[in-house]
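Peer 1: Chain residues, written in single-letter form:
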Amino acid sequence: MHTSVQRLNTLVTFAAVLLAVLCGVASFFDGFNTHSVHGTVEVVKIRKFRKQLNGNEEVTMNLNISLDMQSTFTWNTKQVFVFLAAEFETEKNVVNQISIWDHIIPDKEHAKFQTQVPSKYPLTDQGSNLKGKKIDLVLHWHIMPKSGKMIQDKLPLSHFYLPEAYL
Amino acid sequence: MDWQGQKRAEMLMQVMLVVFGVVAFVVGYSIGSFRTMMLVYAGGVTLTALITVPNWPCYNRHPLNWLDPSEAEKHPKPQPVPSKKKGGKHHHK
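Residue numbers (UniProt numbering), protein chains in the order written: chain A, 1 to 167; chain B, 1 to 93.
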């Protein structure tokens, strides 16, 4: 500690340790934030329901999405990534989970919205089991913090049945 | 910087950094701004550096009392006893 370079070294090291502690505590406090997400989603129209050349079925649709994600934002939230997964069961695969729409919410002011969009990614099956199939629409979200642990959660929003014939 | 100055500077550095860390967290959390926390902490670190890194006069109030150079002349440094062995290249204690 007898030269200023040594003192600077000590100071920077200790300051960096405390900075890590601050970030850790900020992330720890995020764990106490109980968020409740509200939302509805409905399939306005099935736009396409057909068999691809390789035999797999493919569906595209228009969605009406209304979400309120404001409670997921805390002071330590950088952004929230949401995606809508179509989930269904087939004989081949017990769990099928296909992302059909996603969105990045940059801040709390944009966390409550209503939008009508075509599905961003087609819903495809491994095979052809989709006729008349019940599809659950589940909203998943990843809360990305400025520092610390990422929080994931999901909420089933609604379900619908695919038509019995190709469109 | 003398011995007591070094001790004081180190103590002051640790206390100030911890205090600024706590203040930064409380302010940032209550305002709800992560950015504010970082700015307050950065300001605290800079202030602490200004106070504890340079060799300020207040850290030099307890100089060591070295012996006067004349004392050294009164008590000359003992010279090593020359080896009695003729032509000996080995030194003995």
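Honestly, I wouldn't trust all of these hints.
Derived CB-CB ranges, DEER-like [stated by the list, open to error]:
| no. | chain 1 | residue 1 | chain 2 | residue 2 | range |
| --- | --- | --- | --- | --- | --- |
| 1 | A | 8 | B | 67 | 53 to 59 Å |
| 2 | B | 4 | A | 108 | 50 to 56 Å |
| 3 | B | 26 | A | 160 | 57 to 63 Å |
| 4 | A | 6 | B | 26 | 27 to 33 Å |
On the chain A side, residues computed to face chain B include the following (Cβ under 7 Å) [what the hints assert, rightly or not]:
| no. | residue |
| --- | --- |
| 5 | 4 |
| 6 | 7 |
| 7 | 8 |
| 8 | 13 |
| 9 | 14 |
| 10 | 15 |
| 11 | 18 |
| 12 | 23 |
| 13 | 44 |
| 14 | 63 |
| 15 | 76 |
| 16 | 144 |
| 17 | 146 |
Since the hints were derived computationally from the structure, they do not count as laboratory data.
This one's a predicted model, so the numbers in the text were calculated from it and none came from an experiment.
Cβ coordinates follow ideal geometry from the N, Cα and C atoms, glycine included.
Peer 1: Classify the hint on residue 44 (chain A) as holds or violated, based on whether any CB of chain B lies nearer than 7 Å to its CB.
Peer 2: violated (37 Å)
Peer 1: Have a go at the residue 7 (chain A) hint: is there a Cβ in chain B nearer than 7 Å to its own Cβ?
Peer 2: holds (5 Å)
Peer 1: So, residue 15 (chain A) near chain B? Judge it on the closest CB pair being under 7 Å.
Peer 2: The hint holds - residue 15 (chain A) has a Cβ within 7 Å of chain B, the shortest such distance being about 5 Å.
Peer 1: Under 7 Å is the threshold here; is the Cβ of residue 18 (chain A) close enough to any Cβ of chain B for the hint to stand?
Peer 2: Since the shortest Cβ distance to chain B is 5 Å, the answer is holds.
Peer 1: Holds or violated: the hint that residue 14 (chain A) contacts chain B, with Cβ atoms closer than 7 Å.
Peer 2: holds (6 Å)
Peer 1: Let's test the interface hint: is any C-beta of chain B closer than 7 Å to that of residue 144 (chain A)?
Peer 2: violated (13 Å)
Peer 1: Should the interface hint for residue 63 (chain A) be scored as holding, given a Cβ-Cβ cut-off of 7 Å against chain B?
Peer 2: violated (33 Å)
Peer 1: Report holds or violated for the interface hint on residue 23 (chain A), using the least CB-CB distance to chain B and a cut-off of 7 Å.
Peer 2: violated (9 Å)
Peer 1: Against chain B, is residue 4 (chain A) within 7 Å by beta-carbon distance?
Peer 2: holds (5 Å)
Peer 1: Given a cut of 7 Å on the nearest C-beta pair, is the interface hint for residue 146 (chain A) held or broken against chain B?
Peer 2: holds (5 Å)
Peer 1: For the restraint on residue 13 (chain A), tell me whether the closest CB of chain B is nearer than 7 Å.
Peer 2: Interface hint status for residue 13 (chain A): violated (10 Å vs cutoff 7 Å).
Peer 1: Between residue 26 (chain B) and residue 160 (chain A), does the beta-carbon spacing fit 57 to 63 Å?
Peer 2: violated (49 Å)
Hint check: violations occur at hints 1, 3, 8, 12, 13, 14, 16; the rest are consistent with the structure.
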